[in-house]
Amino acid sequence: MKADSWSGDFDLDIGRFREQTAIHSDLRLRELELGGAPLRAALLFVEGLSDKEFIDRHLIRMLMKGRFEPPVTAEYVKNRILSVGALTERLSASGWLAKTLSGHTALLIEGIPEIFLIDTVHAGKRAPQEPESEGLVRGPRIGFNESLSDNTAMLRMSGENESLVISKRTVGRRVKRELAVAYMSDIVDPELLREVHRRLDRIDLDDLPESGYVEQLIEDNRLSPFQQAQNTERPDRVVAALLEGRVALLLDGTPFALIVPVTLSMLLQSPEDYYERWLPVSFIRILRFVSVAVSMLLPSIYIAFISFNPGLIPTKLAVTIIETRTGVPFPAYIEAVFMEIAIEVLREAGLRLPKPIGPAMGIVGGLIIGEAAVQAGFISPILVIVVAATAITSFTIPSYSAGITFRYLRFFAMLAAALFGLFGVVMFLLLIGSHLVKLKSFGVPYLSPAVPYRLSDWKDLLVRLPTAAMKKRPRILNPKDPTRGG
Amino acid sequence: MRRASLLLRAAIALLGVLSSAGCWSSGEIETQSVYIGMAMDKSKSDETEAALDRKGGSYPKRDAIASTIQIVAVQTATGASPKQAGGEKKQSFRNLTLTGDSVLEILREASLRLDRPLIGHHLKVIVIGDRLARDASMGQLLDFFLTDNDIRMSSLVFVSNGHASEVMESGVKEEVPAFHLWGLAKNRYRNIKILPSRSLATVNGFVQAGDNFLLQNVIAAKGEMKLAGAGVFDGRSGKLRGFLNEEEVQSWVWLTGRGEGGVLKIDDERTRQVLAYEIETMSSRTKASVSKDGDISFDVRVESRGRLAENWTSSIRQSDSASIKKAERMFEEAVSNGIGSLLRKLQRDYGIDAAEFGNQLRIQHPKTWNKVKNDWNDRFRQASIRCRVQITIADSGAKADPAPNAP
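Which chain is which? The protein sequence lines are A and B, in order.
The first sequence begins at 1 in UniProt numbering and counts up by one.
The second sequence begins at 1 in UniProt numbering and counts up by one.
Read the hints as simulated data drawn from the structure, not as lab findings.
All values derive from a computational prediction rather than experimental measurement.
It is possible that some hints are incorrect.
Here are the simulated DSS-like pairs of lysine-lysine, each with C-alpha atoms no more than 25 Å apart in a straight line [to be verified]:
id	chain 1	residue 1	chain 2	residue 2
1	A	LYS168	A	LYS480
2	A	LYS125	A	LYS99
3	B	LYS186	A	LYS316
4	B	LYS287	B	LYS373
5	A	LYS99	A	LYS176
6	A	LYS316	B	LYS226
Using the sequences and the accompanying hints, generate a full structural model.
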């Protein structure tokens, strides 16, 4: 008898079952006799993970109540008895255990040297909910959950569409997970698709618990402060990206899908930008760009003006600032860094705290730090306004990850301002600018369509032109079908 | 490992270099004294300075200029928080008077008396006393302000018939006089008796070109300041020659057509009651002509549109076009008379062309100008100037007259 195949001798095989599963105490072995034929059978499944009701109603009932007519062969069982869709046979003795442990039910029948694996996975999963990290006022209220099949189903639900391709592959060396690559076969640039697969092939890690792992393993530049894949919980956002000619990666076990390639402007856009009318949306978009600039630069400009370029402050404001700052013992830089760190700590604390406490803590912390620090006279009131403005504006960035990036770049801008004043801020901007110009995400320039300059794609950059005017897909993605409509 | 330690060393070195090279011009705004106004007088002894001098705090100098520096937002002993000052916010300022002969030296001398050094970015107004302006040329007095890289060219220059330092001491309580003066200069759209603002840049233009010019006069009395007339400066010497009163400044604005708004009030010739015209627009065109024997003459045409804003008389009826015409004629006459007396003063008393006739001649007859420009002020005395004024009352206001036939 070969060690890696089934013998067909029930006692021998069941012994092997027992031997191999002895250490897994959550496995249940159910032995039974087939109805109508004097043959023994055994079902092996994981308690809690496998669908118990399905096993009771369909498998056990079918096997015990059915009229089996000998000879009972594998073909006969497969074709006449088991009325289930997801069924695999395993001749070899390897691999079945991993499947069983992940929720499949193994079926062994006397006289058949094979094992049937029936998909009875019934993991405790979340019903689709509104995505928490990307709230919208107007738009679908559905977000991905932790089940890959649910998530791909959500993409399918976007409408009848035969060009949507979802190709699955496994990643992870020890813990194998399914990763789905989704794209539109008649839009996506084949070269981009190849590049995505090439990079996914390079992944070699024992486990990838979240799509963030994938993101970090396939990105172009690991030292860049900017993310090179967009993560989203929203199926509508993924579908919109696919229709532009991008590729989406969905990993089993996480509600966050990745979209590649990404550009900076995408991170500052919200799906709502396309659902509302174009004029208000364009206004909001410009507001968002201003907010990003404010959240990144306001404290540094404050430092530069106070410490280096007092002549640039309007005179009456300068007088007010002097009056409020008189008696403040710290230079502007120390003061600003202190308060910015305080506000970041507060934000982080509010995030980690249990939900009912979080907001209360934020308010209390803000009040105490702001009000008390001013009262005590070691922070100037103007700085409190500056810090509040940077905090509020940083929340307007639609992508949470991009928000973090801009928030911590602020500290480097402040350092530059403290060292060289306004000149330092300009140098910092040049540095960031030159990095962004060089950065690419899957071969696509990060600042496109601004750099390289392509005016036709500007319709969807600073403002969003009417939907009827945007009939072309972004040309930088090199789509097979460049037009969206007539 | 090696690479990491190399990176670390490079980072430390970079940080060291940056932090020792950086910050070199850093200086918190509250550690500096922002001066927003400066008055310059012919040496007038300041009590504090005299007392300090007696104790030996002096240096070799000619006491040519007494400079009063107005510093805002000075530290008060009561504390920093504006809340502690009670409900209303008090703007604090401090005047510092120093005597010397070089403006820069005077300013740097202030560092011997102030813990926070002076910065000039926010200098708004420079007031020059008449005695100093008569003695020293504008080009010399303003040289430092034009050369300094902190001071903005938009600082306004005034002349004061009296002690300029009094202007810096005046003003309504709890208001900084320099800001007050700065604000007054912006009221041109309400009153015609204010000259177009003379910034350092414009004054420098006049000085460099050797043009005659006017500077707004500001006077102070009983703790209040007022814009009153203008000082007439001779372009060749750059020194003050005399003053124009408010009426003459008003006529100057009419003559040059530079008004932005204001009032023209006359007495009705029949009833001796008040009639007031509010200026909406005004313009003036000067045509220069040179006769065969070299006589220079100017034709000035002043036009204005506005509304009849106040009418106390019964002889002018807003709804009656003949009576509006009559009012227009009376206004025109008043403006012509005013311009006539202004020109008499400029031509006969001062012999200074402060109304830019020379400039018109330069543009329209460049060859003649080249011949006469060296003794232009003398030629200006003899030039004949004719002025025609046309005033149109475009709007007689919202008031309706009683119907003429009403019972």
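So, going through the hints one by one against the coordinates:
The straight-line distance between the Cα atoms of A/LYS168 and A/LYS480 is roughly 23 Å, inside the 25 Å bound, and the hint therefore holds. Among the hinted pairs, A/LYS125 with A/LYS99 is consistent with the structure: their alpha-carbon atoms are about 19 Å apart, no more than 25 Å. Simply put, B/LYS186 and A/LYS316 have alpha-carbon atoms about 16 Å apart, close enough for the 25 Å limit, and the pair holds. For the given pair, B/LYS287 sits about 18 Å from B/LYS373 by alpha-carbon distance, which is consistent with the 25 Å threshold.
A distance of roughly 11 Å separates the Cα atoms of A/LYS99 and A/LYS176; the hinted pair therefore holds under the 25 Å criterion. Between the alpha carbons of A/LYS316 and B/LYS226 the distance comes to roughly 22 Å, so the proposed pair stays at or under 25 Å and holds.
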